[in-house]
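Student: Residue numbers (the numbering used here), protein chains in the order written: chain A, 14 to 366; chain B, 14 to 366; chain C, 14 to 366.
Derived by calculation from the structure, the hints in this document are not laboratory data. What you were told as hints is all true, and nothing was included just to trick you.
With a Cα cut of at most 30 Å, we get these calculated DSS-like pairs of lysine-lysine:
1) A/Lys-328 - B/Lys-328
2) C/Lys-328 - A/Lys-328
3) B/Lys-328 - C/Lys-328
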Amino acid sequence: MVSRAEFTLGQLAEALGATLEGDAARVVRGVAPLESAGPDDVSFLTDARYHPAAQASRAGAFVAAVGVGGLPAPVLRVAAPQQAMIDLLLLFHPAPPLVPGVHPSAVVAADARVDATAAVGPLVVIEAGARVGPGARVGALTYLGPGVEIGEDCVLGPHVTLLAGARLGRRVLVHPGAVIGADGFGFAFDGARHRKIPQVGGVVIEDDVEIGANCAIDRATFGDTIVRRGTKIDNLVQIGHNVEVGEHSILVAQVGVSGSSRLGRGVVLAGQVGVADHVTIGDGALVAAQGGVPSDLDAGGRYLGTPARPILEAKRIFAAETRLPDLLQRVRALERAVEALGGSLERKGKRGE
Amino acid sequence: MVSRAEFTLGQLAEALGATLEGDAARVVRGVAPLESAGPDDVSFLTDARYHPAAQASRAGAFVAAVGVGGLPAPVLRVAAPQQAMIDLLLLFHPAPPLVPGVHPSAVVAADARVDATAAVGPLVVIEAGARVGPGARVGALTYLGPGVEIGEDCVLGPHVTLLAGARLGRRVLVHPGAVIGADGFGFAFDGARHRKIPQVGGVVIEDDVEIGANCAIDRATFGDTIVRRGTKIDNLVQIGHNVEVGEHSILVAQVGVSGSSRLGRGVVLAGQVGVADHVTIGDGALVAAQGGVPSDLDAGGRYLGTPARPILEAKRIFAAETRLPDLLQRVRALERAVEALGGSLERKGKRGE
Amino acid sequence: MVSRAEFTLGQLAEALGATLEGDAARVVRGVAPLESAGPDDVSFLTDARYHPAAQASRAGAFVAAVGVGGLPAPVLRVAAPQQAMIDLLLLFHPAPPLVPGVHPSAVVAADARVDATAAVGPLVVIEAGARVGPGARVGALTYLGPGVEIGEDCVLGPHVTLLAGARLGRRVLVHPGAVIGADGFGFAFDGARHRKIPQVGGVVIEDDVEIGANCAIDRATFGDTIVRRGTKIDNLVQIGHNVEVGEHSILVAQVGVSGSSRLGRGVVLAGQVGVADHVTIGDGALVAAQGGVPSDLDAGGRYLGTPARPILEAKRIFAAETRLPDLLQRVRALERAVEALGGSLERKGKRGE
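Chain A on its own, in the form it takes in the complex (with noise of 0.2 Å):
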């Protein structure tokens, strides 16, 4: 992805509130990471590890915090340089323009109301009484299933697929292959065969939620399904009908969360971790990836394993795992030693004592 676009330093300074140290005239066409960056680049240096990079970088120009000194280029100095790194990204690559209007190979149902300003993409197919919010940009080939709704700035597919009873906020973005509405899964065994229980409730996706490529959330059996705002999910997630996630939840790519379970405000699941159903999870919990959660977390707290344990006493039993075999042998050593002092071994203790 080349950038088009070119800044001075002095443009750049004042774009993100930083103080200039160095030719404000001169000119950069692109942003780099600091060992791939050239001359032409502006480069950032995020944190102080990176530093003897940045020495060694041919890039143009960096964007460092203050007190950071050394540095073989003019310096932009601001105080977040993570941040002042995304807003840089976004001046250089801005979003492509918005062409509003429906593509003539959509097919879009009579009483879908598609706002003017949106852009609808080919062959994306909008079912009856679907709602496209202003600004919102819908990629070829998406699904929109009847009575849909896309807040405005929703940013969808290509290939996305919004079931009856998905409802979107604003800025929301979801990547190809999701599907959201589809029927949570639930049967009733009647002795013969299990009969489906109708899944009649919908998803509610709250503002500035991302959604990755190929998640499934389901509909609710009654009710909704809700992913709150701020909320950031990866690819190939699995959440189950009558989930709630709290706002600003990170869920890591092939997550799994079971019916009806309670995320908190924050709640960070590594990847592949799995949450049984019917399980809270307190505000900023933390499960490290390939955890499996049976039961209720406490809030703030950080979790490891299968099952899930405080972070420290499941690090304690990995390292004891790993002297098992080793103890067994000691056991044993002790065992001759006490016969050998005349010692009864004798077992009458509880079982797991």
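Start from chain A and add chains B and C according to the hints.
Tutor: Positioned in the frame of chain A, the structure of chains B and C alone reads:
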């Protein structure tokens, strides 16, 4: 999803085969769980532990088992409340009417056979020789490959992919993004590279199977990958080539079953379970969430953990692990004590004893 | 998938470079495994352990290694029976003929370049600046984003999504539902919310890579996510931004590789393995199913478990775990015996010793 239907309690009693205690002329307009039901809703009490919630409910009527007393509104008495709840949901939320015909935007091969009573949605692609049975619904943007067969009353998609070699029985339900019939994963290393083993078999999905969003069920190398009747598969499940899944089994989200494994009847694999290749799992066996199955499991067994162990054994191990760091200290104390007593801790047992 | 081809054994001997023992004029019409082959089929014996099945087979001819005797039908002798089986399958099941051209229902940008020998299926979308190479097949309902490049003889889809920044080499095979080039998962918390770090890099897929159904391979933040030549990726695999997967590696279904990790040549990750971010896995390393890789792994090593340990060590730990509940009782018995002998069990060792 607002229901548009309304029924008198007398009508519901007749439809459910229930005994009504209360006013047969009373009208209800929806079905809702105890907590959210209002005076226009009928609710249901499927388990005695919800009795307090029922007593506090504002529902206009209840479905409940014989012998459950003290409910604050008319009661429809039934033998099996959960089954009656399904019947209620089907009454209030019937499937949308099927409008037979092929949408003009669909691309259908000249020699494909689509039954006149089937409905094919917009932008569907149906390749040569495919057959769509009576009453089937093929959702928008779905792809049916060459020779694919879809039985009576199937419901597919939108965004489903069925590739050559896939044959579906009757009343199969396939959710968006599912891919049935992609190549199995088979290669033979020739000393320099992995050569692809052509996958020339098919996939058979029997009657009344449900397949979740974004699943992948691969075609066999030779012969067929088979999912037997009545089995329900949740989202993001992977089924490898030549697998056979028995009747009325349940595969929860993100399960993976490797090539050539055979699951019996009524097997339950909870979320994120993995099954190795060429494994046989007996009828009615259950594997708890995140379990790993490296080898055969007995019929009727209940298993937990990786490697999957009988559930009581696995739970005893989990409990013992918690005490493992403490155990290391106890053994060290024993060693000091035995040495102080003059015992010898020389090791001579064989490894791991 | 019924083959329409037929060959004499003489023709097959020539095509395979085999030595024929039997009637060169005999005709076979298909290739099938030992158990299901009939008199019209040629079968194959790829391993000595299948010899009893071969002796019982009804096959009309066999492919077998030199030195395998006692087979009940003519034999085509070869040095490498499994490679010969692949050759046979390619003879009996050749790829369907490529019909060059763009289906009239496809939506192709004016400045996209589709080679005249490529085949673009129905309802495909190809955006501005994209390039499709000679002999490539783009399946129905597939999306090629702006500037995407597809090399010679690639086979994509149906229902594949390639986003801006994706470049595929030659003979790359992408199965339905795969999404290549969605945004990497990167955010910076600004004190109130997770701000998205724009992902402006690309994805490079080298020659002869295969990518399974419903995979997700993210574009890099900067630079490229890379899958090197000859690597085979099964279904539902997640590859994060800036990952590099070395040549001729194997990633089995539902594997997840987190951002910026680097896999060497010939790495094998079995099903459901998870790799943390910024990890390096050496050439030829193997991780068994469901393993979790928190840190670097040595070249050539074989690993098991979470956290991944050398396979023999992990198996000893698994075996020892089975004995852990018993061990707790043995230690309790030791403690009683030592106390009875007058020993002191005061703890003074450092934690975990």
